[in-house]
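Once you have looked at the hints, place chains B and A on chain R.
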Amino acid sequence: MTAVLEVEGLKTHFFTRAGVVKAVDGVDFSVAKGEVMGLVGESGSGKSITGFSILGLIDPPGRIVEGAIRFNGEDIAGASEERLKTLRGNRIAMIFQDPMMTLNPVLRIDTQMIEAILAHEKVDKREAWERSRDALGLVGIPSPEERLQAYPHQLSGGMRQRVAIATAFLNRPDLIIADEPTTALDVTIQAQIIHEAQKLTRQTGTAMIWITHDLAVVAGLADRISVMYAGRIVEQGETDLVIDHPLHPYTVGLLGSVPSANKRGERLYQIEGMTPNMLDLPEGCAFAPRCRWATDACTPPPGVQTVDGRQIRCVHPRREGVTA
Amino acid sequence: MSAFVIRRLLQAFLVMALMSVIVFFGVNVIGDPVYMLVSPDADQAELEAAIARLGLDRPIWEQYLLFLQGALRGDLGNSFIFGEPALKLIFHHMPATLELAFSALFLSVVIGIPLGLYAGLYPDNPISKGIMAGSILGFSLPTFWVGLMLIMVFAVELGWLPSTGRGDTATFLGIESSLFTADGLSHLFLPALNLALLKISLAVRLTRAGVREAMGQDYVKFARAKGLSTRRIIFVHVLKNIMIPVVTVMGLEFGSLIGFSVVTETIFAWPGMGKLLIDAILQLDRPVVVAYLMIIVLFFVIINLIVDILYSILDPRVRLQDQGA
Amino acid sequence: MTDISADTATVDETAKVETPFQRFRSEFFESWIATGALFLLGLIIILALLAPYITPQNPYDLGQVDVLDGRLPPGSEAFTGYTMWLGSDGSGRDLYSAILYGLRISLAVGVASGMIALVVGMAVGLVAAYAGGRVENVIMRLVDLQLSFPASLVALMLVAILGKGIENIILALVVAQWAYYARTVRGTALVERRKEYVEAAQCLGLSRTRVVFRHILPNCLAPLIVVGTVQTAHAISLEATLSFLGVGLPQTEPSLGVLIANGFEYMLSGRYWISVFPGIALLLTVVSINLVGDHLRDVLNPRLKK
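Residue numbers (my numbering), protein chains in the order written: chain R, 1 to 324; chain B, 1001 to 1325; chain A, 2001 to 2306.
The following block holds chain R by itself, in its conformation from the complex (with noise of 0.2 Å):
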């Protein structure tokens, strides 16, 4: 399989008046095509972040500061603003979270769609309407021909967000990062857009990035899953592997705090402490302060090793399974 996306030693840092925020730190991973990744963590973790930094969408205070995002093999890491802006929405699209806010609510969807299209390619208006409202359909809206005339203001939230997904779609990209794209949503919506987007990425080979904080939503969805804490990739591999048999610490404590049927009755595992201050982090694996297993082999910065077909960052992998 070819790599869409290759990231490497990738860091991020946000230089605030406090100090500097190391958002991303070094992250590694690839996504190859057609492939669905699951990028977790919690809030703060840096998933969002890297995102943003494959489009380059980093703003003042914060840039990119070391590190390579290959695209189809070109480096887009320090691209110019005129080259990224021929591959966002076009190439590399992106969906955001809160469906009610990434829609402009003066705007009409067509014009929002429509708009897409022109920024990348010149046809005419008509078919850009064609596609805008074909790619409606496939997201599976009924009468997109009147939604298009609405506003989003006048749509659920579960419709808006399959308005973005559309959007997303409507240039045939080559990968999608899709930044919790269901977590403002019901449940039973949350579980049609996940399949709408599964559907999605199997019919025209689009790669995704599905970044999430909840593991069991990528769990039906992703083919690898990467984790992430405190802006580095603790534990990255295939999904079942990750899920059945976590062998960082980190990933071990957030399988445990995730409710299930098979737990019932049992007490839910919880990862003791407060998650890291970002401007003052310890010295060596950020876990380590919250970590049962640490001891002071943890304190110079643990390097990445393959164990068991997976990239992990520890010291002390959790080769036994869950013991929680």
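In case anyone wonders, no lab produced these hints; they're calculated from the structure. Mixed in with the good hints, there may be bad ones.
Said to hold, decoys possible - Stretch by stretch, here's where chain R covers chain B in the computed footprint (C-beta under 8 Å, at least three residues):
# : stretch
1 : 1217-1224
2 : 1233-1244
Claimed, not checked - Cut-off 25 Å, straight-line C-alpha distance, at most; resulting in silico cross-link-like pairs (DMTMM-like, lysine to aspartate or glutamate):
# : chain 1 : residue 1 : chain 2 : residue 2
3 : B       : LYS1240   : R       : ASP98
4 : B       : LYS1129   : R       : ASP59
5 : R       : LYS85     : B       : GLU1213
6 : R       : LYS85     : B       : ASP1218
7 : B       : LYS1240   : R       : ASP110
8 : B       : LYS1129   : A       : GLU2027
We treat Cβ as the ideally placed atom computed from N, Cα and C, and that holds for glycine.
What follows is chains B and A alone, placed relative to chain R:
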């Protein structure tokens, strides 16, 4: 939509009725109506005739009804000084005021919005900081003082522009205005700028705040993620959103421009209804004062009505809420 | 002011706990511009208060003014011997003296009307928030109606009806401004009324009056101070405008606006100082109050704090 307009119209009538009561009682109860409405040089016979004509011997509510009757017929009494109907005088002076107010509104929009847009897009730039400092000054400086300084610098010291009067007018499309002659424009510029200054500051602040807020919104990030050009993001996505509050406020300010024109017209000897009002107050020409007050209230009511309707057209959310209600 | 700082100083010695007032003070003086403006404002007030003792003449004592000294440019020597640093006006008054005396009148009118409007607006706002229901509805409709007209126009309409004179001007300014205070107080009181401590106070069986005066009113103070400073500056500027137009204070109460108006006729002939210097005094006063008010808003606004 029509239900919305009808409801707003009813509200407007209510306000007009209320204001007519206030102006009537202001003139007739707080002040001495004879003194207020009859020329000070009138003799005893004239005085008695006036009392009978104005119905001052009748109960107060009947007097109010008479006043209302006259007002509805467009009769608010004759000017003591000019001997003409007061309303006719006001309408005669109105075009000059409207011309001044529209020019000021135009200046504040074409100067204020671009400056505010720049200050909002590049908040840390020294030019933006200068723009904002200027807007604070624009808010603090009294209009009449700025007018004096404009006259002193541009008319007296530099001699570039005339300081008083309206200049030549020409008629175009049935409208007589100084906008259509070079001499008229040169007379118009300083007063219009003077009147606009406060509103320029307002437009700068409103636009800047709106741009700053909109730039942080997800829909702008989404628009950027779609690969749109910066121009389209700013002029379509951002500007269309902030135009709603800016247009509303600037529209509402049109009334205050007409109110403030009293000051500017006096300084620049601009022959509009504001100068007419001040002259009338100074010469105790009370029918003209009453007529001005009623007209200005009517103006405000109409402007509020127009802005409400405009707002509902610009913001689809307002329209829908009203349909649902 | 001095009493409070003395108090906090003793607190400071016994325990190193920062009182709200100290925090407010240190935050306020963080801004150079606001500190400078406050200093300037203090200076203006002191100059106005001390006017009779620090001016070479009482410009309204006819025995001290000589018409032959009229329209002297700045720095000229008067017949009576002293130097007129800012020149003289049309009737031979020393402008420096006239400005300080005018400042007294302008400040007095502005502060008096601001204070009365504050008290009236506060009372109305509290009644609205306290009574609720129909009373509140009627009051707030009235407030909204008045606020849809610019304050300057309301004041102008009133002087048009009432006529000239210092009492009429103050009345007009009060009527033009009370609604701003009423809206502020009612808005804050509504927010406070919903807070738990008010409910708790009511559960404790405290009387409603006590809740209003001991709990709600103190919380309205911060926004009232901010609105009060800005409105006072506005009142001063408005009085000057009305007086300049000739419909404000009479010649017997020569505020800064009256002085500027008197100098206007000389301006076109190049004798700029008669209008310009009183204008600068007015400007410095209004701008410094506004800068202080602007910064007070930033410091006192809890939403802007982290």
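Hint check results:
1. Coverage of the stretch 1217-1224 of chain B by chain R holds. Counting CB-CB distances below 8 Å, 7 residues qualify, and the rule asks for three or more.
2. With 5 residues bearing a CB less than 8 Å from a CB of chain R, the stretch 1233-1244 of chain B meets the requirement of three and the coverage assertion stands.
3. Annotation: proposed proximity of B:LYS1240 to R:ASP98 holds, straight-line Cα distance about 21 Å (limit 25 Å).
4. Under the criterion of a C-alpha separation no larger than 25 Å, the hint pairing B:LYS1129 with R:ASP59 is consistent with the structure, at around 20 Å.
5. Taken as a hint, the R:LYS85 and B:GLU1213 pair is honoured in the structure, with Cα atoms around 23 Å apart against an allowance of 25 Å.
6. Straight-line distance between C-alpha atoms of R:LYS85 and B:ASP1218 comes to about 17 Å, which keeps the hinted pair within the 25 Å bound.
7. A hinted pair counts as satisfied when its Cα atoms are at most 25 Å apart, and B:LYS1240 with R:ASP110 qualifies at roughly 16 Å.
8. At roughly 21 Å between alpha-carbon atoms, B:LYS1129 and A:GLU2027 fall within 25 Å of each other, so this suggested pair holds.
Of the hints listed earlier, there is not a single one the structure fails to meet.
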